[in-house]
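Colleague: Chain by chain, the residues:
Protein chains: 2
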Amino acid sequence: MITDADLAAPVGRTTAAPEADEFYLPPLPRLLPVAYHPQAAQIEISSNGWIRRMLGECFSDEQALLVFLRQRNGIYGPITVPFADRRRAQNIADWYQFVTVIDSFVSDESALGADHSAAREAFAAVMADVDAPGGAAAATVYGRAAQDLWRRIAPDLSRRQVDRLVHSLEAFLRGCAAEIEAKLAGTVPDFEGCMRVRMNSFGCEFLELLTEYACQVDMSDLAVRGALDEVHHHGMRQLILVNDLLSWRKEYAQRDTMTTMRVLREHEGLGLQQAVDRLCALVAHHEHQYISARDAALAGPSGREPGLSAYLSGLDHLIGGSQEFEYLTPRYFGDGAAWDGTTYGWLSLTAPVARFRPGPSTTTR
Amino acid sequence: MITDADLAAPVGRTTAAPEADEFYLPPLPRLLPVAYHPQAAQIEISSNGWIRRMLGECFSDEQALLVFLRQRNGIYGPITVPFADRRRAQNIADWYQFVTVIDSFVSDESALGADHSAAREAFAAVMADVDAPGGAAAATVYGRAAQDLWRRIAPDLSRRQVDRLVHSLEAFLRGCAAEIEAKLAGTVPDFEGCMRVRMNSFGCEFLELLTEYACQVDMSDLAVRGALDEVHHHGMRQLILVNDLLSWRKEYAQRDTMTTMRVLREHEGLGLQQAVDRLCALVAHHEHQYISARDAALAGPSGREPGLSAYLSGLDHLIGGSQEFEYLTPRYFGDGAAWDGTTYGWLSLTAPVARFRPGPSTTTR
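Quick mapping for you: the protein sequence lines, in order, are chains U and X.
Going by my numbering, the first sequence wraps up at 375, each residue one higher than the last.
Going by my numbering, the second sequence wraps up at 375, each residue one higher than the last.
If you are wondering where the hints come from, they were derived from the structure by calculation, not from laboratory data.
Note that the structure is predicted; figures quoted are calculated from it, not measured.
Be a bit skeptical, because a hint or two may be false.
A pair holds if it fits inside one copy or across any two, identical chains being indistinguishable in the list.
[Unchecked claim] Below, a list of computed lysine to any residue pairs in the SDA-like style, where the Cα atoms sit at most 25 Å apart:
no., residue 1, residue 2
1, Lys-260, Gly-281
2, Lys-260, Gly-346
3, Lys-260, Met-209
4, Lys-260, Arg-170
5, Lys-260, Gly-351
6, Lys-260, Arg-206
7, Lys-260, Ala-135
8, Lys-260, Asp-31
9, Lys-260, Asp-239
10, Lys-260, Asp-345
11, Lys-260, Met-137
12, Lys-260, Gln-73
13, Lys-260, Gln-49
14, Lys-260, Asp-113
15, Lys-260, Glu-32
16, Lys-260, Arg-314
17, Lys-260, Ala-74
18, Lys-260, Leu-76
19, Lys-260, Gly-369
20, Lys-260, Val-77
21, Lys-260, Glu-72
Kindly produce the complete structure, drawing on both the sequences and the hints.
Modeller: Next comes the structure, spelled out in structure tokens:
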């Protein structure tokens with residue numbers, strides 16, 4: 011069994027061989043359930059309208075907005091909370107599109123990604139809008155969108171959950187700023203350093219919290235007691251590593267440094283296919299460990315806590331659904347891609363639009 | 011109340027004023043229900059895979075195939091048969107994508123649209139494949155796809171329904187050939203002449219039949235007795251006229267002649283906005299008349315026939331869902347469009363990608 015410990019001893023930065031242009035992504039285990047919200051299509055369409063109204067002005071022009079909408083980020087919510095009621099699923103879909111807008115501009119060196127200090131100031135202004143007394147007008151466009159989400163989501167959360175939601179947004183923005191800074195400096199972190207930032211910039215805290223919101227449960231107590239630490243550790247690593255695999259085309263094109271693909275290439279000197287294979291093994295490892303930890307939590311002393319079983323089922327769908335979305339989205343396969351359900355095969359690293367092919371397009375490797 | 015009779019006396023072909031570039035599409039009545047199949051997203055993705063496997067080679071290259079898949083034609087089925095079981099909904103989705111592939115090449119003067127005689131020969135070969143004894147290999151790519159659909163759909167149909175399905179495909183292909191011929195000759199038909207061709211080329215017979223299949227009922231008896239004639243007359247006119255409104259950008263770009271927009275412009279000398287307004291009035295008229303006819307059928311002597319009520323509910327969803335699809339599809343709003351749920355506003359006739367805008371973009375009219 012490969013564990014993260016195998017990655018703990020970097021052999022030093024090496025000069026990678028000329029980048030191969032294709033890699034083979036094998037079938038991943040996919041042991042967790044995947045379901046779409048029965049109103050997934052309508053929720054996505056409605057969320058697109060919300061983005062246009064609330065955040066349209068953040069985009070440089072209509073074309074840039076359309077590129078974003080074509081990525082279908084509005085269906086991430088409906089795939090990860092398939093059993094939520096329509097209203098909550100819509101609010102979650104809008105939240106995830108909101109943070110994906112920010113994530114997009116973080117990766118864009120002509121936008122938030124240009125300057126980590128300026129980004130930190132912008133993020134502080136957003137948090138000030140979030141913390142503003144009820145009814146106060148937002149000073150920022152992002153803050154206005156966040157206030158709108160808050161008004162819709164917070165009434166259904168406990169006081170502690172609202173505090174955690176504020177904290178999770180702050181952590182996400184902190185992670186985003188750290189990614190900008192690392193990228194501008196060209197710094198590739200080590201594996202655990204990368205994971206620490208990614209836990210924030212991937213929004214793991216609000217992924218967990220919005221799963222509670224979708225299931226109408228409150229895990230604040232259990233979380234404080236650490237009863238879910240093992241479950242979350244493996245679940246979130248599976249999420250992040252699958253994302254690193256499937257987003258690698260995009261991250262490579264954008265020269266992002268905060269991805270385990272870069273870490274494995276540069277710290278371990280692995281070739282492209284070797285790095286992919288290593289990540290696949292780690293995905294399988296964390297998926298199995300997540301399932302064991304989830305089963306152990308249910309069988310253990312906290313197993314009969316109200317809502318735990320629903321929450322763990324929600325996490326299953328978050329993890330399974332997140333992976334489904336990442337196969338589907340043109341965000342990773344290129345603007346203009348249209349998914350046909352294929353989940354493995356040969357992928358071009360640099361084609362503007364990629365799809366899984368049954369064989370390599372060249373015989374150069 | 012405006013009726014089609016208002017259109018019966020063309021005032022002769024007139025030279026239209028220079029085409030205005032924008033028109034206002036008002037909110038349409040939308041009195042019929044709209045629902046999406048709970049597995050709409052998965053059915054669309056799976057249908058995209060079927061198109062790639064069965065018909066991919068019909069497209070000139072990967073780019074042309076992707077343009078087609080981006081039109082989201084695979085979601086027409088799930089929106090028009092929201093309550094069908096998954097298997098039937100998938101078969102219907104594939105059928106509608108299949109005929110839409112043909113329809114696309116009919117409008118393409120570098121493909122089937124180049125020559126109506128050659129198209130008629132190609133269609134005869136497809137029908138020969140459909141009529142071939144079970145197990146015989148298809149001679150054409152379209153025939154192979156049709157055989158696949160037949161194998162999946164026919165076992166659930168009565169003998170009379172299978173005959174009607176064969177007949178409906180023949181009628182559709184006959185309508186397609188007539189459209190090619192009229193377009194190549196530059197002939198704009200009169201209103202009723204246009205409707206006669208469109209009833210075929212829009213596939214009205216299989217729209218009705220696949221609605222029966224979705225609802226698991228057999229209306230062959232009632233259809234023969236003419237008990238549904240009034241219902242179908244108004245229902246299919248609503249379908250076609252809404253299509254003419256929402257597809258006008260595409261038909262205009264492709265210089266298609268077999269659309270009531272061209273008929274109204276050229277036979278009645280209406281301006282662009284006048285023609286749109288006239289069609290909107292006709293849509294409302296036929297929608298109201300459809301509802302009256304459907305209610306009368308339920309209250310009349312055939313009202314207690316088994317399956318009638320389910321079938322009429324199915325027709326409601328066919329009509330309401332077809333309109334929903336036509337707002338959604340980049341086929342009509344331009345490759346790259348992403349729907350945000352808006353259903354009325356100002357539309358550019360010629361912009362590569364259009365959306366409903368709250369006001370006209372220019373003050374030139």
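Colleague: Looking at the structure, which of the earlier hints fail to hold?
Modeller: Numbers 4, 7, 9, 11, 13 and 16 - these are the hints that the structure violates, sorted from lowest upward.
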